[in-house]
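Undergrad: Residue numbers (the working numbering), protein chains in the order written: chain A, 1 to 525; chain B, 1001 to 1370.
Please keep in mind that the hints were generated in silico from the structure rather than gathered at the bench. Just so it is clear, CB atoms sit at the ideal spot from N, CA and C, and this is done for glycine as well. Treat the hints with care, as some may be off.
[Stated by the list, open to error] Quick list of in silico lysine-lysine cross-link-like pairs, PhoX-like style, CA-CA up to 20 Å: (1) B:Lys-1226 - A:Lys-358; (2) A:Lys-358 - B:Lys-1228; (3) A:Lys-385 - B:Lys-1226; (4) A:Lys-358 - B:Lys-1241; (5) A:Lys-361 - B:Lys-1228; (6) B:Lys-1228 - A:Lys-378.
[Unchecked claim] Quick list of simulated restraints, FRET-style, between CB atoms: (7) B:Pro-1355 - A:Arg-401: 22 to 32 Å; (8) B:Glu-1240 - A:Lys-328: 21 to 31 Å; (9) B:Lys-1140 - A:Ser-124: 53 to 63 Å; (10) B:Pro-1355 - A:Gln-79: 19 to 29 Å; (11) B:Arg-1141 - A:Glu-456: 40 to 50 Å; (12) A:Asn-280 - B:Leu-1121: 48 to 58 Å; (13) A:Lys-274 - B:Glu-1240: 18 to 28 Å; (14) A:Phe-99 - B:Pro-1355: 24 to 34 Å; (15) B:Glu-1240 - A:Lys-265: 26 to 36 Å; (16) A:Arg-401 - B:Leu-1017: 28 to 38 Å; (17) A:Asn-280 - B:Glu-1240: 23 to 33 Å; (18) B:Pro-1355 - A:Ala-210: 39 to 49 Å; (19) B:Ile-1150 - A:Lys-328: 38 to 48 Å; (20) A:Ala-259 - B:Leu-1222: 41 to 51 Å.
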Amino acid sequence: MIETQQPAAIEFVHVSKRFGMVQANSDINLLIRQGSIHGIVGENGAGKSTLMNILYGYYQADSGDIKLLGKNVHIENSQQAIALGIGMVHQHFMLVEKFTVMENIILGSEKTWRNKTAMQNARSILDNLSQKYGMSINPEALIENLPVGLQQRVEILKALYRGAEILILDEPTSVLTPQEVQHFFSILRTLRDAGKTVVLITHKLHEIMAVTDHVTVMRQGKIIDTILTATTSKEQLAEMMVGRRLTTHWQRQKTHQPAPLLEVKKLSLFGPDKRPILDNINLTVNRGEILGVAGVSGNGQSQLLEVLSGMRSYHEGEILLGGRQLKKLLSRHRPTQSARQLLVSHIPEDRLGVGLVKNFKAWESGILGYHYKPPLSKAGFIKKKNSLNHFATIAQDYDVRPPNAFLKTSSFSGGNQQKLVIGRELEENPDLLLIGQPTRGVDVGAIEFIHRRLIELRDAGKALLLVSAELDEILTLADRIVVMFDGKIVGVLPRHQASETKIGLLMAGVVEEIRETLSEAGIDH
Amino acid sequence: MRIHHKIDLPGWMEYLLIPLLNLLLAFLLTSIVVFYAGENPFDVFASLFQGALGTVDGTGYTLYYATNFIFTGLAVAIAFHGGLFNIGGEGQAYIAGVGVLLACFWLDQFSWWVVLPAAMLSAAVFGGLWAFIPGWLQAKRGSHVVITTIMFNYLAAALINYLLVDVLIAPNQQSPQSQAIASDQHLPLLRDMLGFFGVESRFSPLNISFFLALFACFVFWLLVWKSKFGYELRVIEQGEKVAKYAGIPPARLVMTVMVISGIFASMVAINVIMGEQHRLIIEYTNGAGFVGIAVALMGRNHPVGIIAAAILFGALYQGGSELAFDFPGLSRDMIVVIQGLVVLFCGAMENIFKPSLARLVIYLRRQKGV
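Whole structure, please, built from the sequences with the hints as guidance.
TA: Next comes the structure, spelled out in structure tokens:
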């Protein structure tokens, strides 16, 4: 580690920022060395993004200074930040889908007239960049045709094209497969070795351990510590983030004889263009078992959950619940309502868009889906008093904070929104629980809480189907794992045979090699 | 910057201060227009105010117009709570006129208090049906209600044109209007009741429909914020997916709310036909359906706001008609300009003051916090 001798690329000196009553950053002193990869971790709302947004000129600090290479700077907007050599890659890409790679890269810095020489110049700069940093890409490809891993590459190239010396990456790996992540890390290392400074904001501790040189832990707007990554561990970082010890390994009871509750046979669903979204899906969820569905988002998992919960109809195949045809059990007009009556609960992936109603008060969101049921409503009228009590119970049992029934749903933090959804669904004591991305955007403390609840349900003999893009989560919770790719199930692995590499390959659609591995291991799928 | 949109302003700012500031701005711009038209803006506004609220008759007319606007405002607002934009209040009210007329003719032996419920029902059936068709097209065929309701306004106009010219036209009558309803069926006028208290009013057509409108506001409030239907309606506003998740059939709800919206609009026919004109006249709605859009926007889709906005627009309607007499330099169109500016500032540009107010709120909170 020679980085400690490197000069400071960025220095925050006593930086504070307040939004209304919330102290987002208080007295931040942080030094980021040139030519290093610097990780910033912290729970949601710890102030990481605010700090980086101050650096990028989105917000102005209330007090304190920012120094770039030792010089005080005042950054008022992102144009200035770019001019100072700061580039930012957002979690959600800011690319124009209908434009080519080249057009996206020059967008915002193009000359008034797109003449041939200007384009050729830009092209040669781009070629140099991609060669130098090992990021090959076809400049003429349309963004919409590129996989997300390459789209991210475009974002990075765009920042470099504008002369970024400091690159801020906000949760960059959330959309990537494990293999893409590995490749992404090697790009980061190349950038560092070429003298660029990389700031990596993430909540995935194993990534911090894998790629960063230094790591800063933030909690409640303050910096807890900045340390050399080599001298710390995942457990220590997690503890610093939350302020207490966390459980990551769960004791679980032995599964008894498998008793299938949900059986899906040859299920297919076609899109408007007749292309299969779900392609001949076969799976079984047993009582007292968590079946993990792994896969990169957008490979049919969302639609699978929607079909199973009754939100969507399907075209071929059959779904059996406790041996009976689900289709016949569901009412035509209110299928999800009858699914709930059959004790099938669904925690949807998009909690704020589907699981809750943004503009509702917390108590109103707390009865969503059960709002027709006495005592929550009677004779066509919502019973406010009973609904308030209902919310109070959820808030207490599932630690929803603040337990304020009249707060707008969208004002709760991600973790507390999720606890509200989970609480609402689990209060009904379901037999089958369909769960999508239960901990996406949820902070570490809440993740622990949610995982504990799910394990408890499993031990109580319930059947759980868990869709998650977080491999860690699948590996921690699931008893069996199926991997989805392009609408198909490309692999079934029991827990003890699953590894990150194996699942990762399946997730990326590399089926052939894995089939061999699987057949070697004597697994039939 | 972006953060300001996340701040929830205090209720009195959101619902009182901002509309007032917007209104003020609209008046300010009107003053400039009036000034360039060669009149003194203060005189004009004084005359406007005097015409609208300065006399008992003026006030009566203002409230009579406001009654219509409350109905159409509620119609727009309830659809809005479900994320639908019903522009068809005009056509729905227009068609409902036929319903009222038929009920009155059919029950011509009976007096108004027997006819009223029947006429309301009949208006609801006609206007509700006229709204149901676009609702059905939206729910089942995906045709956008904004487009179809506009088309249905034209269809209504054409249909009634035909009915008045060829079918319902009174015998020996040149202008296209129907036969009058029996005088027993005229709704009681408030001026008669007021006369009992010694208040003199001779012309105002304000009738008991005004109370019907206030009652409709109460029903609206119950429906939207207290009932299961309203709960489901407000879920739909966020989108079809969350509705499906919650076990709400989106298509059914869309059709239902369109019908209810149409029924609210239909009540205009009661006010005008049984209350004032006592017959069906061509274009009797006179744009009330469209004013309802502005009223709902300005009233923030809440019954209290809608009542306030409806009275404001009623006053502009009434005061504006007086204006043309007092100021030869101003045409009656000047009032359309004012209305347009009010709509522009209270509807389309309702957020111009919001960022600065949000900044002020943040600043004040910070002062208090330190």
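Undergrad: All the hints need checking, so say for each whether the structure fits it.
TA: Hint check results:
1. At most 20 Å may separate the alpha-carbon atoms for a hinted pair to count; Lys-1226 of chain B and Lys-358 of chain A meet this at roughly 18 Å.
2. Of the pairs offered as hints, the one joining Lys-358 of chain A and Lys-1228 of chain B holds, with about 18 Å between alpha carbons and a cut-off of 20 Å not exceeded.
3. For the hint pairing Lys-385 of chain A with Lys-1226 of chain B, the CA-to-CA distance comes to about 12 Å; that is within 20 Å, so the pair holds.
4. Only pairs whose Cα atoms come within 20 Å are accepted, and Lys-358 of chain A paired with Lys-1241 of chain B is accepted, the gap being roughly 13 Å.
5. As the CA atoms of Lys-361 of chain A and Lys-1228 of chain B are separated by approximately 15 Å, the hinted pair is consistent with the 20 Å bound.
6. Simply put, Lys-1228 of chain B and Lys-378 of chain A have alpha-carbon atoms about 9 Å apart, close enough for the 20 Å limit, and the pair holds.
7. Look at Pro-1355 of chain B against Arg-401 of chain A: about 30 Å separates their beta carbons, and that is inside 22 to 32 Å.
8. Checking the proposed 21 to 31 Å range against Glu-1240 of chain B and Lys-328 of chain A shows it holds: the Cβ atoms sit about 25 Å from each other.
9. For the pair Lys-1140 of chain B and Ser-124 of chain A, the supplied restraint of 53 to 63 Å holds, since their beta-carbon distance comes to about 56 Å.
10. The hint said 19 to 29 Å for the Cβ distance between Pro-1355 of chain B and Gln-79 of chain A, and at roughly 21 Å that hint holds.
11. Arg-1141 of chain B and Glu-456 of chain A have their C-beta atoms about 47 Å apart, which keeps the hinted 40 to 50 Å range intact.
12. At about 55 Å, the CB distance of Asn-280 of chain A to Leu-1121 of chain B agrees with the hint of 48 to 58 Å.
13. Between Lys-274 of chain A and Glu-1240 of chain B the C-beta distance comes to about 22 Å, which sits within the given range of 18 to 28 Å.
14. For the pair Phe-99 of chain A and Pro-1355 of chain B, the supplied restraint of 24 to 34 Å holds, since their beta-carbon distance comes to about 31 Å.
15. About 29 Å separates the C-beta atoms of Glu-1240 of chain B and Lys-265 of chain A, a value consistent with the hinted range of 26 to 36 Å.
16. The hinted window of 28 to 38 Å between Arg-401 of chain A and Leu-1017 of chain B holds, with their beta carbons roughly 32 Å apart.
17. Separation of Asn-280 of chain A from Glu-1240 of chain B is about 28 Å and conforms to the stated range, judged on CB atoms against 23 to 33 Å.
18. For Pro-1355 of chain B and Ala-210 of chain A, the hinted distance range of 39 to 49 Å is satisfied, since their beta carbons lie about 43 Å from each other.
19. Checked against the hint of 38 to 48 Å, the pair Ile-1150 of chain B and Lys-328 of chain A passes, with Cβ atoms roughly 43 Å apart.
20. Separated by about 48 Å at the C-beta atoms, Ala-259 of chain A and Leu-1222 of chain B satisfy the suggested range of 41 to 51 Å.
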